[in-house]
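Trainee: Taken in order, these protein sequences are the chains called E and Y. Here the working numbering is used: the first residue of the first sequence is 1, the next is one more, and so on. Here the working numbering is used: the first residue of the second sequence is 1, the next is one more, and so on.
FYI, nobody ran anything at the bench for these hints, they're computed from the structure. Don't take every hint at face value.
Claimed, not checked - Heads up, simulated DSS-like pairs for lysine-lysine below, C-alpha to C-alpha not over 30 Å straight-line:
(1) E:303 / Y:67
(2) E:342 / Y:80
(3) Y:61 / E:236
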Amino acid sequence: MEDEEVEVVKGKNSQKKASKKEKSKEFVAVNKKKKNEVLSESDMEDEEDEEMQSVDGDEGGDSGSDMSSDGDDAFAGDFLQGSDDEEMGSGSQSDLDSDDSDIETKSKAIDDAKEREEKEALDELRLNIKEAPDEFRLPTQEELEVEARGPPDLTGLQQRIKEIVRVLSNFTSLRQEGATRKQYIEQLKLDLGSYYGYNEFLISSFVEMFPPVELMELIEAFEKPRPITLRTNTLKTRRRDLAGVLLNRGINLDPLSKWSKVGLVVYDHQVPYGATPEYMAGHYMVQSASSFLPVMALAPQEKERIVDMAASPGGKTTYIAALMKNTGIIYANEMKEARLSKLTSNLQRLGVTNTVVCSYDGRELPKVLGNNTVDRILLDAPCSGTGVISKDESVKTSKTAVDVQNCSRLQKELILAAIDMVDANSKSGGYVVYSTCSMMVIENEDVIDYALKKRDVKLVPCGLDFGRPGFVRFRESRFHPSLEKTRRFYPHVHNMDGFFVAKLKKMSNSKAAPAAAQVAEDGGSEIEPSTIETPAPQSNVISKKEQNKGSRKDKVDNLSLKRKKEEKPNAPTEKRKKYKPPPREEISKAREEKRQALREAKKKGKSKV
Amino acid sequence: MRPLDESETTQVFEKLFKFTGNNLKNIVESPSHEGPDQNPGRYCFRLHKNRVYYVSESLVKRATNIKRENLVALGTNIGKFTKSGKFHLTIQALNLLAANAKHKVWLKPTSEMSFLYGNDVIKVFSMSDVPLGFGIAAKSTQDCRKMDPNGLVVIRQADTGEYLRSQEEI
Chain E
1 MEDEEVEVVK GKNSQKKASK KEKSKEFVAV NKKKKNEVLS ESDMEDEEDE
51 EMQSVDGDEG GDSGSDMSSD GDDAFAGDFL QGSDDEEMGS GSQSDLDSDD
101 SDIETKSKAI DDAKEREEKE ALDELRLNIK EAPDEFRLPT QEELEVEARG
151 PPDLTGLQQR IKEIVRVLSN FTSLRQEGAT RKQYIEQLKL DLGSYYGYNE
201 FLISSFVEMF PPVELMELIE AFEKPRPITL RTNTLKTRRR DLAGVLLNRG
251 INLDPLSKWS KVGLVVYDHQ VPYGATPEYM AGHYMVQSAS SFLPVMALAP
301 QEKERIVDMA ASPGGKTTYI AALMKNTGII YANEMKEARL SKLTSNLQRL
351 GVTNTVVCSY DGRELPKVLG NNTVDRILLD APCSGTGVIS KDESVKTSKT
401 AVDVQNCSRL QKELILAAID MVDANSKSGG YVVYSTCSMM VIENEDVIDY
451 ALKKRDVKLV PCGLDFGRPG FVRFRESRFH PSLEKTRRFY PHVHNMDGFF
501 VAKLKKMSNS KAAPAAAQVA EDGGSEIEPS TIETPAPQSN VISKKEQNKG
551 SRKDKVDNLS LKRKKEEKPN APTEKRKKYK PPPREEISKA REEKRQALRE
601 AKKKGKSKV
Chain Y
1 MRPLDESETT QVFEKLFKFT GNNLKNIVES PSHEGPDQNP GRYCFRLHKN
51 RVYYVSESLV KRATNIKREN LVALGTNIGK FTKSGKFHLT IQALNLLAAN
101 AKHKVWLKPT SEMSFLYGND VIKVFSMSDV PLGFGIAAKS TQDCRKMDPN
151 GLVVIRQADT GEYLRSQEEI
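Chain E on its own, in the form it takes in the complex (with noise of 0.2 Å):
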């Protein structure tokens, strides 16, 4: 009896899968759209495809129950496939078994109802998935009044900022109707300046140098600290022997990098690593590890005439030391007073001999050392920080367009004075190592790109493997193609300050422009005057932006590096004065002319073709 009851349930269980698939045929009709539309497993509609098929197949059969039951759950389909050799005889025995038709009936009820529930369930939870991305829009005009004036709602702006973001990685199918992606921007800005604390200039530019996703990793970073790191001073002793010793007095660390010979990181400290009997007596020097990369680059052999123009607090000028074991000779010059005490003491502290410190403003030093005297120089310039934001939290508030603008005009400078010092013909040198703790392209590119213009350099490959390489192009600005070997370093990539390192070799100790020297050694060929049209009205192009925009000292030597072009293709190196820019109103009549020039050599070209 108990057999013949289970094999019913069985029977029965098989019958109302019969039916389920003729009420979920109905449901697949229904919900076909609405999959459809939503995002979701190609599987579910593969298992819609094959009910429908087995439904109009045939309804209840063997084969067609088979292939559904695949597609149902995998006991459901146990179940089905054990219950297919009862099918047959159940047939027979539902006739036999029509007194327990009521209990049957209800219990089918109850199933039937527990099946729709959970179909519909299934189906709302599929809508709300599918409408809560469309909930996210953006907050509008009266919204951000009514916040405004209350407290910032800190885990509000932070919902928001990561639904932003993901709208931002997903904009066309993700996105708002009448929303501009421009809109969704502002609305970023707006939130991580309140959020995080960073003021309008500096949001935008980073919003500007990185995508969304990046842009949230680079933030995060800079909320943290980036590890502490030591620097062996290897006058006086080795990595191992150092490494070896403050373990034992208790300071957890480990060697940097495969890119260092010298770096050690501390992970934790029970005595101050800064006042070991090690470190007073200069065996290491507390020191960021981004710091390590401009020496690196700079690569100082021995007995080499160096200078380190903006020297304190020492950090790398004792490393250049070291690596020349005291040989040869380095001036090392700080122009702040305050900060030459610490240079001094640094430099004795750490044994280094070859070393004579002055203080003078940098663009001096060519006059007092000589031009074309040095074999190389490391010029790590005083910049507007933006790299070390980790360090040092107020340059998110402070430093504003004026700052960097400011900061970008004296780095050009120092960089021009530096370049007249090295010796172009020196035997082992030539190279100047411009480094900044920054990450704007005003005051990194910008201004390598300035002394390619100016000066006969050219760029070298630094020497630093890993690192991402540095702009060609930043929004408008074009730059010199071999900009690309320059190097950038960033907080949520490497783990260092945010940084950027450039090596330049000195070609020549003329002053002259590459321009100039350039046109000279092509010749008079063909192919100059297409050469010189096709970049000049791009050039035209460039410059009226970026006049808009105000800088126009590049521009005005752009014009004025084409104009000579045009005029004297086959000029020898002429030494140039000292730049001034033009006037405007002769800045526009020369583009005026400029541009008749161009009209009446593009209909010669016409008339020749």
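Once you've looked at the hints, dock chain Y against the given chain E.
Mentor: For chain Y alone, kept in the frame of chain E given last:
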């Protein structure tokens, strides 16, 4: 920047002699590898703003075109002249002295720290090869062994802790 005159030179040498004895010759005569020339030059002493620097000649030559008020330091600073004309050795001379010193005192690690904080040395002995500073021995070696535990062994003149404590004075 000028070379030392007679009286100054004698003062400096006397002080150095106390620590190094006959090794003084080494200090003056050792060949220097600094400077870009191939031949090692010699070392010499120069006076600049009351500070005495021990530099190699080639460095000196190249530093002459830096103006007086802009020059800050050269080579190694070994000491300074006080206003009354006496000469004191400073801690930067340690490297120079340690290589050529005649009498050395070794300290236990615990008193090491104490010495570096600026105290005088109390009678204890052990090994530590890192030069920490220098001072005047208050007693002779034999007496040290007999002394009571609180007696002073070395009156400290300069120690490397000064690099942290009094950075500005350097």
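Trainee: Quick one: which hint numbers does this structure break? Sort them smallest to largest.
Mentor: When the structure is compared with the hints, none of them turns out to be violated.
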